Structures are given as C-alpha cells and as structure tokens.
Amino acid sequence: DGGITQSPKYLFRKEGQNVTLSCEQNLNHDAMYWYRQDPGQGLRLIYYSQIVNDFQKGDIAEGYSVSREKKESFPLTVTSAQKNPTAFYLCASSTTGYNEQFFGPGTRLTVL
Amino acid sequence: QQPVQSPQAVILREGEDAVINCSSSKALYSVHWYRQKHGEAPVFLMILLKGGEQKGHEKISASFNEKKQQSSLYLTASQLSYSGTYFCGTIHTGTASKLTFGTGTRLQVTL
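Line by line, the protein sequences are chains A and B.
Each residue of the first sequence is one higher than the last, beginning at 525 in my numbering.
Each residue of the second sequence is one higher than the last, beginning at 42 in my numbering.
Derived from the structure by calculation, the hints contain no laboratory data.
You can trust all of the hints, since none of them are fake.
Interface residues of chain B toward chain A, partial, derived using beta-carbon atoms under 8 Å: (1) A82; (2) P83; (3) F85; (4) I132; (5) S138; (6) L140; (7) T141; (8) F142; (9) G143; (10) T144; (11) G145.
Straight-line Cα separation of at most 35 Å, DSBU-like style, residue types lysine-lysine; simulated pairs: (12) K78(B) - K607(A); (13) K581(A) - K109(B); (14) K78(B) - K109(B); (15) K595(A) - K100(B); (16) K607(A) - K67(B); (17) K139(B) - K533(A); (18) K581(A) - K96(B).
Chain A regions said to be covered by chain B (calculated; three or more residues, Cβ under 8 Å): (19) 564-570; (20) 574-583; (21) 621-627.
Just so you know, these numbers come straight off a predicted model, no measurement behind them.
Positions of the beta carbon are idealized from the N, C-alpha and C atoms, including for glycine.
Okay, chain A solo, but in the shape it has when bound:
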C-alpha cells in the first residue's frame, strides 16, 4: 500500500536534546512538507521541499532543520534552539507543490 509513514507516534525528550522525526513516503511524490500543530490551532509550515537536495524555510523554521537526500525521505530535526517544541508534527507529500497533499499519521512530541 502506498502512503506516508511517520515514526515514532509518540516521542518524549528532555529539554535541551535534539530529536529527529522520521517521514517516509512511497507515493513517488516530488514535494514533501513538515507542519506543526498546537492544540486548537491550524497547521503551520516549518519546511518544505519540492525536489531532492533542495528545501525552503516555511513560516516557523527557527529551531528546526531538515534534509532531503532521497526522494522518499524528509527527516525533521528539532534542535535545542526551538523554544517550545512540544507539539503535534505532521509530514505531508504531493506530486507537485500545487496539488493535494497527503498527510502522515503524525508524531506527538513532548519535551519534559
């Protein structure tokens, strides 16, 4: 079955530690995205990539980093510079930047 996988589903980390969230897709999509969602809020774009080895900052990129070395993978690192990292993180992909986005199940990160 084609789709997007994110792991883990729940993640707990101590304050000051970097953590990497995984996102993999087998839909052969060129574009991939990372969003952050806080309780009762919409989705805010962290980073997006329209093609392998290229990515752009979204609206809230500070404290985050990404890489796009393979078409199917777009990992997100939450660094210690991110002041309030506890949130629900969603990864998505699309054929192009203008088409519908397919979302993974999300990772709920809690920083203690």
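For chain A, the structure is supplied; the task is to place chain B on it using the hints.
Just chain B, lined up with the frame of chain A:
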C-alpha cells in the same frame, strides 16, 4: 498571510446544511480544503484553482470567488461522519506553491 475562516465553530443536527468561509487579503492562485478528525491527520477534500478548475470528492461542493479572494465549502444534508475541523489552505499568486492554512472551523454534527 494566514487566511481567515468563519465561523470558528458550528453545531448542526444531522441532515442540516452548513457553509464554511475562507478569505484572503492577497490574490489567490488556489484554495485547498481539508478535514481533520481529532488526533488524526488531515484528509484532502477539494482544490479550487484560479480559472474555475476544481478537483476533489464528488460529494463535496465548494466555490471560489477570485475577485473577492474568497472560497466557501458547502456541507449539505450533514452526517455524523462530517464532524471534525475543516481547514482551508491558500496558495497566493506569485508564491512558490507554499500552502498556508487557516486556523480551522470546528464542526460538530449531532443526532
């Protein structure tokens, strides 16, 4: 420039209709609509493109007024399964396909 959605929340009885609005202060290339159930990932409903093209589920109806930079999602004969939070996302003319989501409209359908 986050799009503005209205209403913020609505409660319907099963079978009733609802309209959710999305407006932008900048010229739009396209509007996307998604529904998210609690604790789950958003699911695509529809895309409306400048020029009139639409892509999406047959049972979903929406409009796009390019001049007013507004879109509306029409939910008719609502079912319990329609409950969730509806988000519009906008891509502005001249931007590099960056989708910006609104803060959502929470819809609850009751018996």
